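A.B. asks: Got chain A sorted already, so can you dock chain B onto it with the hints?
Quick mapping for you: the protein sequence lines, in order, are chains A and B.
In this text, residue positions in the first sequence follow our numbering: the first is 1, and each later residue adds one.
In this text, residue positions in the second sequence follow our numbering: the first is 1, and each later residue adds one.
It is worth saying that the hints were derived from the structure and are not from the lab.
Incorrect hints may appear among the rest.
[What the hints assert, rightly or not] Straight-line C-alpha distance at most 25 Å; calculated BS3-like pairs for lysine-lysine:
{"id": "1", "chain 1": "A", "residue 1": "Lys105", "chain 2": "B", "residue 2": "Lys117"}
{"id": "2", "chain 1": "A", "residue 1": "Lys7", "chain 2": "A", "residue 2": "Lys264"}
{"id": "3", "chain 1": "A", "residue 1": "Lys264", "chain 2": "A", "residue 2": "Lys160"}
{"id": "4", "chain 1": "B", "residue 1": "Lys117", "chain 2": "A", "residue 2": "Lys90"}
{"id": "5", "chain 1": "A", "residue 1": "Lys14", "chain 2": "A", "residue 2": "Lys302"}
{"id": "6", "chain 1": "A", "residue 1": "Lys264", "chain 2": "A", "residue 2": "Lys152"}
{"id": "7", "chain 1": "B", "residue 1": "Lys108", "chain 2": "A", "residue 2": "Lys90"}
{"id": "8", "chain 1": "A", "residue 1": "Lys264", "chain 2": "A", "residue 2": "Lys302"}
{"id": "9", "chain 1": "A", "residue 1": "Lys64", "chain 2": "A", "residue 2": "Lys53"}
[Stated by the list, open to error] Computed beta-carbon distance windows for the label pairs:
{"id": "10", "chain 1": "A", "residue 1": "Val225", "chain 2": "B", "residue 2": "Leu70", "range": "24 to 34 Å"}
{"id": "11", "chain 1": "A", "residue 1": "Arg277", "chain 2": "B", "residue 2": "Cys92", "range": "50 to 60 Å"}
{"id": "12", "chain 1": "A", "residue 1": "Tyr108", "chain 2": "B", "residue 2": "Gln87", "range": "21 to 31 Å"}
{"id": "13", "chain 1": "B", "residue 1": "Asn72", "chain 2": "A", "residue 2": "Gln311", "range": "55 to 65 Å"}
{"id": "14", "chain 1": "A", "residue 1": "Arg304", "chain 2": "B", "residue 2": "Glu112", "range": "56 to 66 Å"}
{"id": "15", "chain 1": "B", "residue 1": "Leu70", "chain 2": "A", "residue 2": "Tyr108", "range": "18 to 28 Å"}
{"id": "16", "chain 1": "B", "residue 1": "Leu32", "chain 2": "A", "residue 2": "Ile62", "range": "35 to 45 Å"}
{"id": "17", "chain 1": "B", "residue 1": "His161", "chain 2": "A", "residue 2": "Thr58", "range": "42 to 52 Å"}
{"id": "18", "chain 1": "B", "residue 1": "Asn72", "chain 2": "A", "residue 2": "Thr281", "range": "41 to 51 Å"}
{"id": "19", "chain 1": "B", "residue 1": "Arg33", "chain 2": "A", "residue 2": "Met106", "range": "28 to 38 Å"}
[Said to hold, decoys possible] Output of the computed footprint for chain B on chain A, the stretches with three or more beta carbons under 8 Å from beta carbons of chain B:
{"id": "20", "segment": "68-79"}
{"id": "21", "segment": "186-193"}
Note that the structure is a prediction, hence the values are computed from the model and not measured.
In this text, a Cβ means the ideal position worked out from N, Cα and C, and glycines have one as well.
Here is what each chain is made of, one letter per residue.
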Amino acid sequence: MKNIWIKIQRHLNKLRWVVLTTIFSMLILLPFLHLYQTYEAAHAYDLLTPTEKSISDTMEWISKPFVDDPEVDLNNLKGTTWSGTLFGLKLTDPLAVVGQISAGKMVYWPFFVTALIPIFLTIIFGRFFCGWICPATFIYELNDNLATWLRKAGIPVGRKKLDFRLKYLVLVMGIIISAATGMIAFAAMYPPVLIGREIYYAIALSGFGSGMVFFLLTLLFDLMVTRRGFCRYVCPGGALYSLLGHFRLFRIQRDVTQCNDCAKCNVVCQFGLDPLRDNFTQECNNCTACIAVCPTDALAFKMRVSDTPNQGAGYLGHEYKRVHNIQTKEGSK
Amino acid sequence: MKRRTFIQGVVGAGLSSLLAENALAAKNKPLLRFLRPPGALPEDEFISRCIRCGKCGETCPNRCIQYFDLENGMSSSDTPYIIPREQACILCMKCGDICPTGAIQPVKRDLEPILEKVKMGVARVDENLCLSFQGKTCGVCYRACPLADVAIRIGMLEQPHVLDGCVGCGLCERSCIQIPQAIRIIPDADRKV
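Bound-form chain A, shown alone (with noise of 0.2 Å):
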């Protein structure tokens, strides 16, 4: 039983890409049942220009199956995944609480509660918004292998280490800064916000806004200076998140009897964490990506509050074999 569900875990990873797709889809599909909600609430289809008349056909055959009259229901889902409504429910990133907190320094209630959901999910699961929704991590992972291919091709992409703690400060700045100008600074500079945001503007409005112009200079970024750069070292949300999932439930452990120190996991990972000397942190946003390459079958989620102190080199490994002196296979148990 417990071999099923580790032989299960090796396929997360490809479940958390449908999961972003889906997620960065609904972003392009929202827009458009906008306007297709419009040209309803307009009562003049005629009047449509013929691009219009596409965009209200296609999005009435995609919303037709589900929902009676489109003027009121396609109202139940809204918004980004800064600030959503599904059927109801409104979810809300929970920096967008603090920042309004530190902003108008004072609680809206109604606002808090609406966080709750995602706080409480945050503290079993840790970064799991990082990994598993973020629409901006979707394009930035594209852009990483796009680095790859680059590298591949023999152009030289940025790989420099630098000061993980700095998204602290840029979070405490962020406070600052909101608490002294009366706005809510991370609005302005947030990822999954910016791309939730210039996608609707760009389909719905009269186009890209500069917070575009921002995101395009974090791929650069990325590309240029550090792997996953944004996310690693400036993203105050993953600040956040980080903080509140330090004491996460369900982390991903190496199984030390299992590993063959074969490193493919450092390798993969492109949080530059250290899986194979079972150095996670808070700074893993469960993406899964190393239990999908680990061909023993090593990593996998474990409840536990804290991660497991260096086990040294894996039992299947040559180093452990040469210190205990071990030749054959069977005395590696």
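C.D. replies: Positioned in the frame of chain A, the structure of chain B alone reads:
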């Protein structure tokens, strides 16, 4: 470690004072003439409440809500606004319902609550431009007003007179047939009712 904290402090103080100054400068600048969505809090409070999620625009069936980029200063970037001459508010009150932070207060779509809580601005008639005041009976603004006889009444030759009940939705400005428009909304940044 000591030097590190020092540098952090200096950078922090410098950046925040810079940004604070920026925001203040934006406040002192003559603002563009725009309206906030109906039920919006007073301007300063609105800026500190709005999380820039964009849901008000996404739920507006009339597509009148637009978003600032940087043209109105850093502090109001990505906040919603309405230019009544382009597309005016139809007072459907859906934006207040969906706003997660109460920056746009939820207001029931009835005469009493709207009169009580909505104050986007107030209409003002330019009698030199208004056709009715020039002897050509028009009355379009009165016919466009959702709160006719509460917000606006017409006298002789359909001459419009704005009353205290005007909430500043801008439908009159939108529909005025004179170019430039003879009636326009003067925004109320305090939005005190």
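A.B. asks: Does each hint hold? Answer for all of them.
C.D. replies: Right, here's what the structure says about each hint:
no.: 1; hint: A/Lys105 / B/Lys117; result: 23 Å, holds
no.: 2; hint: A/Lys7 / A/Lys264; result: 18 Å, holds
no.: 3; hint: A/Lys264 / A/Lys160; result: 19 Å, holds
no.: 4; hint: B/Lys117 / A/Lys90; result: 24 Å, holds
no.: 5; hint: A/Lys14 / A/Lys302; result: 19 Å, holds
no.: 6; hint: A/Lys264 / A/Lys152; result: 17 Å, holds
no.: 7; hint: B/Lys108 / A/Lys90; result: 19 Å, holds
no.: 8; hint: A/Lys264 / A/Lys302; result: 20 Å, holds
no.: 9; hint: A/Lys64 / A/Lys53; result: 16 Å, holds
no.: 10; hint: A/Val225 / B/Leu70: 24 to 34 Å; result: 26 Å, holds
no.: 11; hint: A/Arg277 / B/Cys92: 50 to 60 Å; result: 59 Å, holds
no.: 12; hint: A/Tyr108 / B/Gln87: 21 to 31 Å; result: 29 Å, holds
no.: 13; hint: B/Asn72 / A/Gln311: 55 to 65 Å; result: 57 Å, holds
no.: 14; hint: A/Arg304 / B/Glu112: 56 to 66 Å; result: 58 Å, holds
no.: 15; hint: B/Leu70 / A/Tyr108: 18 to 28 Å; result: 27 Å, holds
no.: 16; hint: B/Leu32 / A/Ile62: 35 to 45 Å; result: 37 Å, holds
no.: 17; hint: B/His161 / A/Thr58: 42 to 52 Å; result: 48 Å, holds
no.: 18; hint: B/Asn72 / A/Thr281: 41 to 51 Å; result: 42 Å, holds
no.: 19; hint: B/Arg33 / A/Met106: 28 to 38 Å; result: 30 Å, holds
no.: 20; hint: 68-79; result: holds (count 4)
no.: 21; hint: 186-193; result: holds (count 3)
In the structure shown, no violation is registered for any of the earlier numbered hints.
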